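K.L.:
Sequence:
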Amino acid sequence: MRYPIAIEPGDAKHAYGVVVPDLPGCFSAGDTLDEAILNASEAIALWMEDRIDRGDLPPKAKPIEMHRKNPEWKGWVWALVDVDLSSVADRSARINITLPGRILARVDAHAKKIGETRSGFLARAALEALSRGA
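Going by this note's numbering, the first residue of the sequence shown is number 1, and it counts up by one from there.
What the hints contain is simulated information worked out from the structure, not anything from laboratory work.
As the structure is a computational prediction, the values presented were derived from the model and not from experiment.
Each hint should be verified, as a subset may be incorrect.
Unchecked claim - Quick list of in silico lysine to any residue cross-link-like pairs, SDA-like style, CA-CA up to 25 Å:
1) K74 <-> D11
2) K74 <-> V107
3) K69 <-> L23
4) K62 <-> I114
5) K62 <-> D11
6) K60 <-> W73
7) K62 <-> A126
8) K74 <-> F27
9) K113 <-> L38
10) K60 <-> H14
As the list claims (entries may be wrong) - Across the chosen pairs, the derived CB separations fall in these ranges:
11) K74 <-> G133: 24 to 32 Å
12) I95 <-> P71: 15 to 23 Å
13) H110 <-> L46: 25 to 33 Å
14) T32 <-> P63: 20 to 28 Å
15) W78 <-> H14: 14 to 22 Å
16) R102 <-> K13: 54 to 62 Å
17) A45 <-> M66: 21 to 29 Å
18) K13 <-> D108: 43 to 51 Å
19) I95 <-> A15: 35 to 43 Å
20) G75 <-> A129: 38 to 46 Å
21) D108 <-> D50: 25 to 33 Å
We put the CB at the ideal spot given by N, CA and C, even for glycine.
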């Protein structure tokens, strides 16, 4: 899953600040733009891990364009950070499942379209189903 991040430009005296608009309270920083983006990825993973441990579902990411309209982030730089939910939910376990080929093809195509891995997509879908009591 890809999350947009808003990056407040830094300078020689100030770090780059990072906010993840879709994840309330998730923020980070870095001395360089590259470091800010890398640190944001770690902050998102920790935020997700905490929410999943509480039994909450991670919120879906909104498009960057929707966030860019918010005057709060005028002049900030935007980037996307990939988060694989299968790596933050718990310790990963390799499993062997059987699915009809046409379903697997649809899963793979949809996961790719939304920027997730197959495992990440299946993990999120399972968490959503479990939260509904399905």
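K.L.:
Against this structure, judge whether each hint is valid.
P.N.:
Results of checking the hints against the structure:
no. : hint                     : verdict
1   : K74 <-> D11              : holds, 17 Å
2   : K74 <-> V107             : violated, 37 Å
3   : K69 <-> L23              : holds, 17 Å
4   : K62 <-> I114             : holds, 11 Å
5   : K62 <-> D11              : violated, 29 Å
6   : K60 <-> W73              : holds, 20 Å
7   : K62 <-> A126             : holds, 21 Å
8   : K74 <-> F27              : holds, 17 Å
9   : K113 <-> L38             : holds, 23 Å
10  : K60 <-> H14              : violated, 31 Å
11  : K74 <-> G133: 24 to 32 Å : violated, 42 Å
12  : I95 <-> P71: 15 to 23 Å  : violated, 46 Å
13  : H110 <-> L46: 25 to 33 Å : holds, 27 Å
14  : T32 <-> P63: 20 to 28 Å  : holds, 26 Å
15  : W78 <-> H14: 14 to 22 Å  : holds, 19 Å
16  : R102 <-> K13: 54 to 62 Å : holds, 57 Å
17  : A45 <-> M66: 21 to 29 Å  : holds, 23 Å
18  : K13 <-> D108: 43 to 51 Å : holds, 47 Å
19  : I95 <-> A15: 35 to 43 Å  : holds, 41 Å
20  : G75 <-> A129: 38 to 46 Å : holds, 41 Å
21  : D108 <-> D50: 25 to 33 Å : holds, 29 Å
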